[in-house]
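Participant: This is what each chain is made of:
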Amino acid sequence: MYLNSGIRPFLLPVRGRVAATTLAAVAAAAFSIGVAFGLADVTGALLRWEEGGASAVAAALAATTACAVGRGLCLWLRDQLAMSTAARVKRAVRARVMGRIYELGPGHTWSGGRGGVQSTAVDGVEHLQGYIGFYLPQLLVSWIVPAGLLVVLTVVAPTVAVVVLVCVLLVPFAQRLWRLVLRDRARDHWDRYEAFADRIGDTVRGLPTLVALGAQGRRRAHLAASAEELREATTANMRASLGVSAVMSAAMAVGTAGATLTAAFEAARGTLPLESVLLVLFLSAECFRPQQELSGYWHEGFYGIAAIGAITRLLDTPTPVRDRGPEAPERGPDTAPAVTFEHVGLTFPGAAEPALRDVSFTVPAGATLAVVGASGAGKTTLGRLLLRDMDPDSGRILLDDRDLTDLPLTGLRRRTARVAQDVVLLSGTIRENIAFAAGPEGEDGTGPRRERVASAIARARVDDVAAHLDAGLDSPVGEGGRLLSGGQRQRVALARALAADARLLLLDEATSALDAENEALITEVLRAERGTRTMVVIAHRLSTVAHADLVLVLEHGRVAEFGPPAGLAAAGGRWAELVAAQRVGIGGTR
Amino acid sequence: MTTANGTAVSGPPEAGLATLPGMWAAIRGWRGVFVLGVACNSLALLAQAAAALGGVWAVVTVFTGGGVAELAAPALFTLVAVVARSITSWLESWLSHDLSFRVLARVRLWVYDALARLAPAGLSRRRSGDLLTSGLSDAEALEIFYAHSSLYTISAWVATPVLWAGLAIVSPPAALLTAPVLAASVAITLFARRWARPQGERVRSALADLGGEVAENAGAVREIVGYGLVRRRAERLAALDDRLLTAQFRNARRAGAETAVLGVVSLAAAIVTSAVAGWQLERGTLAPEAVPFAIVLATMATTPILQWAAMTRHYGTTGEAAARIETLLAAEPPIAAHGERPAAPEGDGAAHARGIAFAWSEVDPEASTRPAVRDLTVRIRPGEHIAIAGRSGSGKSTFAQLLARCVDPGRGDVTVSGGPLREYTRSALPRVVSLLPQDVSLFQETVRDNLMLATDETLTDADLWRVLRVAHADAVVRRLPEGLDTVLADNGRSLSGGERQRLALARTLLNPAQVLILDEAVSQLDAVGEHDVQDALTGTRRDRTTITIAHRLSTLLHAERIIVLDEGRPVGDGIHADLLRDCPAYRRLVAPQLDAVL
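First to last, the protein sequences are chains A and B.
When you read off a place in the first sequence, starting at 1, and then add 940, the result is the number in this note's numbering.
When you read off a place in the second sequence, starting at 1, and then add 1170, the result is the number in this note's numbering.
Since the hints were made in silico from the structure, they are not lab data.
Backbone N, C-alpha and C fix where the C-beta goes; we use that ideal spot for every residue, glycine too.
Treat each hint with caution, since some may be false.
[Unchecked claim] What the simulated footprint calls covered on chain A by chain B, stretch by stretch (three residues with Cβ under 8 Å from a Cβ of chain B suffice, anywhere in the stretch; the number is not a length):
#1 999 to 1005
#2 1198 to 1208
#3 1349 to 1361
[Unchecked claim] DEER-style ranges, computed between Cβ atoms:
#4 Ala1659(B) / Val1092(A): 36 to 46 Å
#5 His1522(B) / Pro1304(A): 28 to 38 Å
#6 Asp1414(A) / Asp1534(B): 15 to 25 Å
#7 Glu1495(A) / Thr1416(B): 54 to 64 Å
#8 Arg1549(B) / Asp1404(A): 30 to 40 Å
#9 Val1102(A) / Ala1659(B): 24 to 34 Å
#10 Ala1180(A) / Thr1455(B): 20 to 30 Å
#11 Asp1626(B) / His1496(A): 39 to 49 Å
#12 Gly1368(A) / Arg1549(B): 55 to 65 Å
[Said to hold, decoys possible] Here are some of the chain B residues that sit facing chain A, going by a computed Cβ distance under 7 Å:
#13 His1267
#14 Arg1278
#15 Val1384
#16 Val1434
#17 Leu1437
#18 Ile1441
#19 Glu1502
#20 Pro1503
#21 Ala1507
#22 Leu1605
#23 Val1646
#24 Leu1650
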């Protein structure tokens, strides 16, 4: 039996439907009992055949047929009710899971990666269908129907009722006992089985690497051998863990046959009327049918519990930032904000060293700040704190004069835009990817919005990209943008950020793509937008930094230097060294 | 290839995968287990019927005035039947689980082989999620068919006729009239299967789209919340959810109707038998004691059919899974057949591309936006260290894929180490030329196994440590709890990006390829000192030709020779200083960076 307290929130909104499903299943069982009574009647009449008995047999047969049809209808109804329960649960839970994923926001790192999220929100939610729609009602039926039948049997033949009761209770008891005895071994078997499936997935994902290494054959042989090893190692365990189904089916068979034999013995001793013996013959199987059907839903029960665990864990994950809520729906001042960091510090959970410590600086409204420093110095973290992917452990960040944590998240996000290093495009066309950023949802495609999109496309030179494509701006970008090259993706992302018309722009410059045109483009944008937007550029190249008003040099999470580039160069500190290092690196071959 | 376990010897069958002949071919080597499983399940079904008949015997004994002593025989008979049923059904479930494990491994290896044949260029057009679906869940669906449902199908064909024959002995007319009922239940089930398949496909495709959408949302949380798209994305998801539910409702209506109708039809056997028994009693051609036997036999004859129907109710999914695997097995690899030429151990690593032209639309219409290569001729001398430069979209990666024979050029040819690429055998090719993808994978194996993937040779620990030292990865491995024997978690996630790349680099060093093509990984710059990379790659094997698709200025500055591509053609060839002077495309490429610094 698979039941735990975690299902309450999932079950409560659909308890009525679950009850209706159960009712339909119980009604079907009642009709089955009707069939048993009918067949007992028919058999009884036939066994003591006398002239003119045909009409009694015909009447009993008609009643039996009616019950059989009724049973069919109830079963059909049960399936439809179960499906509608499942539909309601799945829709609600899927929306909640997705909503939670958005609430957790970009600051949350998924331990299972995207695949983990997908398996919880899609496969996990699908498992609720079998669990809440079918398994739970059947679980109720597996108690209600035998209980009702036992009452009937107690009236008809008390000793038979005792035999049936013992066997009916034996099934769940044996199951539980078996699981207790074999708990670890059975789990070990399934765990290893799953681990092997993982391994196959791992191999399939890594195929390009295997081909490059010419290792597909070696890997194949290895997989085949380990599959066989695994099979041999777990066969004994499996034999034992399958024993539970043997015990269960034995209990059911013993119960059914035992009831009939008991009734026959009673009748032979004269303590039970013959009619009752026939009734027991046809009825005793019905006592065990619900349990047998429940065991058919074993997978639904097992996976349902696992899915509920995973979904609950996801819904209970604490968000990295607390939203002040929508109490300030206004768009906020449409001017470039000043940015102030005051003694900001952050240590990632489990990290030995803080990612940022005591970072303080101010960027005036409309100025451009370049953040430079070695990899791991905390540049990206600083950008993420600025957009509130997460909050600092200490200190505070101000936008104009307001603490970031006092701003509603939606308002903050409307005022900011970013071009990340790892550009993610949504499937759709190039134009769609830019247009969706151009305004709050629901805004119609009227003048200013369209102009903004057109101007963003022009400024990020996306039209150059489109000119090379057959469908131009209406070319699909593919899953995650895979149909575009890295440089093309970057431009679309830049256009998207410009179209959003946010007054605070965060640019995380790509470290690698040697695409001078894109690089020139970024410097051009920096120049053009100077003054109208506050810009923070996480810079990897000195060429972009040359256009910044201020430079922040980070070192091991601390501010090493801060000031206008010219001043820092003259001071001869870390910044001057960095510039010199790049010069030497390039000058070396000249 | 191993033959020890039979997993490797058996290829996919010629017949349709989801048919009984296909199944018979697929379980080659374990047919005995299968037959035993069928026997056990048939016996279990018959024993179940025997137990019920034992009960009837007892009841009839009482009805005909028998005392307690007369009940001993039917009681013993029933007991034996019950025990036999328990044992056979346990044996059956064990055998079928054992078989299912073997079959699953085999089907997965077929899928693996098919994918390996297509990799890497033939895989890029497939969504990563789809690949895993075929690899894992489709294989599972097929396994259920082979090891479970086909077994029940055959058992039904064994047990039902036996029970029906029993009925024929007791009451020939009842058997005669029950036959159409049994036939009807088979026909209804088969008829329902015809609907089940398209319905199953609709459910699966809706699920796949929903999965894709959720994965996209999860990967783009930053963009979705950042640009205020939450509501719009929720609406899209709800629409997909609706599509799925509509498909599932349709499926549920069909499956529910099937269950209901089959339930009624199976009871019809008992009802028909009862009616016939009445008619026979009237004429005196049947003893009254035989009646309960006839009724129970008629009921029991339908049980195997019901079991089979329940088991194959999800045939829709099985059929579609089989069809997808069949498509995958039949997929044309992006490169034509391999030749007969072995890799010459003394191959010099010279590469010569002669007038090659290639457009991606030749292998995948969807990828027509990917850069093409036009009339490209390049000669690379043995042991050279070349950098390929060009703006994005200039065809650098396409050229690299042609050099490594991930795809074949539409025109012209490529010769490496003296042999045209098309002439090398499949296993020789990676020893001649190897293209390391940007995002190399580490596998969930020990560090040692990960390294050894790159080579056929047996290496000592000392060899491995030497390579790790060259790749500056020795410190990483030393920090791991069990050193070389540490199992790396999911794609090495327990390691930092830089640590992963160092390990991957060490593995690359073990790769014996005469020509190594590297797509300069984006993040390696930060993680591994780039000089370390260059030194490691060129320093250890002076004789090895390396071709780097350059993304970094410093790579260009230090390259022995740079080939500049533009619009799929070479437009420059030389060292940095000369190109800067003579090649406008190169100047456009690097000048802004140089200007900024100098």
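Participant: Does each hint hold? Answer for all of them.
Facilitator: For each hint, the structure was consulted:
1. 999 to 1005: With 3 residues close enough to chain B, the hint holds.
2. 1198 to 1208: holds (count 7)
3. 1349 to 1361: holds (count 8)
4. Ala1659(B) / Val1092(A): 36 to 46 Å: Between Ala1659(B) and Val1092(A), where Cβ atoms are some 58 Å apart, the hint is violated.
5. His1522(B) / Pro1304(A): 28 to 38 Å: Between His1522(B) and Pro1304(A), where Cβ atoms are some 59 Å apart, the hint is violated.
6. Asp1414(A) / Asp1534(B): 15 to 25 Å: Given range 15 to 25 Å: holds, Cβ gap about 20 Å.
7. Glu1495(A) / Thr1416(B): 54 to 64 Å: Holds, since Glu1495(A) and Thr1416(B) (Cβ atoms, about 58 Å apart) stay within the stated range.
8. Arg1549(B) / Asp1404(A): 30 to 40 Å: holds (33 Å)
9. Val1102(A) / Ala1659(B): 24 to 34 Å: Because 56 Å falls outside the window, the suggested range is violated.
10. Ala1180(A) / Thr1455(B): 20 to 30 Å: violated (53 Å)
11. Asp1626(B) / His1496(A): 39 to 49 Å: 45 Å Cβ-Cβ, so the 39 to 49 Å window holds.
12. Gly1368(A) / Arg1549(B): 55 to 65 Å: violated (43 Å)
13. His1267: holds (6 Å)
14. Arg1278: holds (5 Å)
15. Val1384: holds (5 Å)
16. Val1434: holds (5 Å)
17. Leu1437: holds (4 Å)
18. Ile1441: holds (6 Å)
19. Glu1502: violated (17 Å)
20. Pro1503: violated (11 Å)
21. Ala1507: violated (17 Å)
22. Leu1605: Holds, because the Cβ-Cβ distance from Leu1605(B) to chain A comes to roughly 6 Å (cut-off 7 Å).
23. Val1646: Result: violated, 15 Å to nearest chain A Cβ.
24. Leu1650: violated (17 Å)
Of the numbered hints listed earlier, those contradicted by the structure are 4, 5, 9, 10, 12, 19, 20, 21, 23 and 24.
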